[in-house]
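Sequence lines, in order, name chains A and B. With full-length UniProt numbering as the guide, the letters of the first sequence map in order to residues 1 to 224. With full-length UniProt numbering as the guide, the letters of the second sequence map in order to residues 1 to 215.
Because the hints were derived from the structure by calculation, they are not lab data. Some hints could be false.
[To be verified] Here are a few chain B residues that face chain A, going by a calculated C-beta distance under 8 Å:
id, residue
1, Val116
2, Ala119
3, Leu121
4, Leu123
5, Ile127
6, Arg132
7, Arg135
8, Ala142
9, Leu143
10, Ala144
Treat the numbers as computed from the prediction; the structure is a model and nothing was measured. Even for Gly, the Cβ is constructed at its ideal location relative to N, Cα and C.
Residues per chain are reported as follows:
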Amino acid sequence: MPSNGSSSGAAVWAILRKECRSEWRTRYGLNAALLFAVTTLTSVSFAVGRLTDRTDLLGALLWVVLLFAALSSLSHAFVREVEGHTLTLLRLVASPTAIALGKLLFNLVFLAVIEAVTVPLYLALMGAPPPKWGAFLALLGLGSLALAGSATLIGAVISQTRGRGALFAGVSLPLMLPVLAAAVSGTRAQWAGGAIGAEVRLLAAYSAALLAASLLLYDHLWED
Amino acid sequence: MIGRLLLFLWIAAWMVAAFYWAPLVPVLGETTRVLYFHIPAAWVTVVALGWSMLHSILYLRTRNLEHDHHAAAAAEIGILFCVVATVSGSLWAKAMWGSYWNWDPRETSIFFLLLVYAAYLALRSAIEQEERRARLSAIYSALAFVSVPFLMFVVPRIYFSLHPDPIINPRGKLDMDPRIRIVFFAMLVGFTGLYAWLQSLRVRVARLEHRLDQA
Chain A
1 MPSNGSSSGA
11 AVWAILRKEC
21 RSEWRTRYGL
31 NAALLFAVTT
41 LTSVSFAVGR
51 LTDRTDLLGA
61 LLWVVLLFAA
71 LSSLSHAFVR
81 EVEGHTLTLL
91 RLVASPTAIA
101 LGKLLFNLVF
111 LAVIEAVTVP
121 LYLALMGAPP
131 PKWGAFLALL
141 GLGSLALAGS
151 ATLIGAVISQ
161 TRGRGALFAG
171 VSLPLMLPVL
181 AAAVSGTRAQ
191 WAGGAIGAEV
201 RLLAAYSAAL
211 LAASLLLYDH
221 LWED
Chain B
1 MIGRLLLFLW
11 IAAWMVAAFY
21 WAPLVPVLGE
31 TTRVLYFHIP
41 AAWVTVVALG
51 WSMLHSILYL
61 RTRNLEHDHH
71 AAAAAEIGIL
81 FCVVATVSGS
91 LWAKAMWGSY
101 WNWDPRETSI
111 FFLLLVYAAY
121 LALRSAIEQE
131 ERRARLSAIY
141 SALAFVSVPF
151 LMFVVPRIYF
161 SLHPDPIINP
171 RGKLDMDPRI
181 RIVFFAMLVG
191 FTGLYAWLQS
201 LRVRVARLEH
211 RLDQA
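Assemble the whole structure, with the sequences as input and the hints as a guide.
Structure representation (structure tokens):
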């Protein structure tokens, strides 16, 4: 078990900076993910038109678009290392936990960028009534945290298999379904003017449980 | 041999008792008997998934491939019983609630279990090297273990369900006719025995396959 590397905050920060820098150099992953999110958004919007008075559907479709964007792009962080044959070097300089945490933070930043483009576009294209921003952003943030948390660990697992990208969506979906259920019902409730306490608690508890389990499991990711 | 014969006779005898000895529940009518298959199958699904996850975690701790054999076998048998529980539940829902599938929270959570098992087996089939397959699928299983309680217990508490309480609950079961209760628990024991037998068979096959690989 390679544990000679540092797993301190500095190492995590260095991994995050390295991820952002190498992503920024090519912007291949970001461009592909943005294009994919906008494509999904366009097909949803084109297929159903404006849904101003159907806030129940608005919440559901928003999270379907975000889920697809996450499923299509978040395995990228690890698959890129394997395909570029850079993972071995990375493992020499940092502990598995530091690598995974750095990539988790990167995935969060990545999702935030995608959402910063997709969500306003979605609200405009679908003719959505203005959401309650506090509740809406809390749901968006917690939902993204849970999505990124599950995607990071599954991405690391999937990068070591034969199918790589192809398996990722199917294998991570079961872990993302609770997020989808809670986030959709919360988003729906805030548009309807209801309380979202139960959903926020569910999302927060789920994110915390995922992160805690991930921290225990990261050490087992690589051994050969 | 004797054990298998006894298991067969046990299940067969209680199946007959379900038809000729136990009374029908007024609301459920003739469909009462689905109870003796549906709930034991769901019970075995949960036991198998728990067993699979327990051995996944044990594998991560001990790196003994024996645990991986157990985890994989339990997942395979679990998916079989999960299908039985889903299909029998769906037919029962058609008879009682009027539709085969309605995303009732309980339907959601059993479908979710099916997805977890299926993804677990898909993941296993995508990794060739034995040790790596055992380790990565154990990681997945442990992570899925985190999400199962959320769908099994939390979601049905938030959303309204038509389904009676899932895990054997003393309050609900107490108003059961004693004869129904006896047949029900006997079937529960029978299904659990059936599962234990299938599990031991599957593990023995996995052991032999492992030895064949090494030879």
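Outcome of the hint check:
no.	hint	in the structure
1	Val116	5 Å, holds
2	Ala119	5 Å, holds
3	Leu121	10 Å, violated
4	Leu123	5 Å, holds
5	Ile127	5 Å, holds
6	Arg132	7 Å, holds
7	Arg135	6 Å, holds
8	Ala142	6 Å, holds
9	Leu143	6 Å, holds
10	Ala144	6 Å, holds
Checked against the numbered hints given earlier, the structure breaks only hint 3 and satisfies all the rest.
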